[in-house]
Amino acid sequence: AQTVTQSQPEMSVQEAETVTLSCTYDTSESNYYLFWYKQPPSRQMILVIRQEAYKQQNATENRFSVNFQKAAKSFSLKISDSQLGDTAMYFCAFMKHSGGSNYKLTFGKGTLLTVNP
Amino acid sequence: NAGVMQNPRHLVRRRGQEARLRCSPMKGHSHVYWYRQLPEEGLKFMVYLQKENIIDESGMPKERFSAEFPKEGPSILRIQQVVRGDSAAYFCASSAGWNGYEQYFGPGTRLTVT
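Going down the list, the sequences are from chains A and U. With our numbering applied, the first sequence corresponds to residues 1 to 117, in that order. With our numbering applied, the second sequence corresponds to residues 1001 to 1114, in that order.
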């Protein structure tokens, strides 16, 4: 079974600064996907970024980038130029990539990020 | 281009009543996933359905919970004889095909059992 651990229950950052959220995972799989989801106060789950484990290059989406360390099973999210709208709960998630199993997301407990003006 | 729709957004039920949660996937999507988020927790997978088929229900509690995705109409998550521990947010996601790595989530239904 896979597990996802987010060791920072809460974090805060000043507007326009950079913040990094940590995530580690445990799996015996060699092929998988990793995700960061954002859940603002509206509770809507929004995909921030996705990384395929076979790709060495770290994924980037505008101000959001990841540091994927496969050997260390670490997948951190960096948010640059933080904005007030980034205030949300952030969830790290894992999905196997094997045969017909590309669907079950396993989530961490989340990190509540507050961006202060 | 409508996203995943869930209704109701909020549902209050007394202990022992039934709860029915509905999910309409994105247009063109025929795969639906249900997740439950307990307070202070991440989402946990419950069930994966395709039209008229349950593909994986390994995350569903053995009793009182059932899910369906009929040929016509929304997917339904049904909880019979609700208890206080069923209070949670229930999220539905959908995808276009077998590769579920592109799951689009609905806004969730918050169930409160009094």
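Misleading hints may appear alongside valid ones.
[As the list claims (entries may be wrong)] Derived Cβ-Cβ restraints for the label pairs, each shown as a range: (1) A:Ser7 x U:Gly1028: 36 to 44 angstroms; (2) A:Leu112 x U:Asp1056: 28 to 36 angstroms; (3) A:Glu10 x U:Gly1085: 23 to 31 angstroms; (4) U:Gly1028 x A:Lys73: 33 to 41 angstroms; (5) U:Gln1050 x A:Arg63: 33 to 41 angstroms.
The hints are simulated quantities; they were obtained by calculation from the structure and are not laboratory data. Note that beta-carbon positions come from the ideal geometry of N, C-alpha and C, so glycine has one too.
Going down the list of hints, with the structure as the test:
Roughly 39 angstroms separates the CB atoms of Ser7 (chain A) and Gly1028 (chain U), a value that falls within the hinted 36 to 44 angstroms. Range check, Leu112 (chain A) to Asp1056 (chain U): about 30 angstroms between beta-carbon atoms, so the 28 to 36 angstroms window is met. Hint check: Glu10 (chain A) to Gly1085 (chain U), Cβ distance near 26 angstroms, so the stated range 23 to 31 angstroms holds. Here the CB-CB span from Gly1028 (chain U) to Lys73 (chain A) is close to 35 angstroms, well matched to the stated 33 to 41 angstroms.
The supplied range of 33 to 41 angstroms is met by Gln1050 (chain U) and Arg63 (chain A), whose beta-carbon atoms lie about 36 angstroms from each other.
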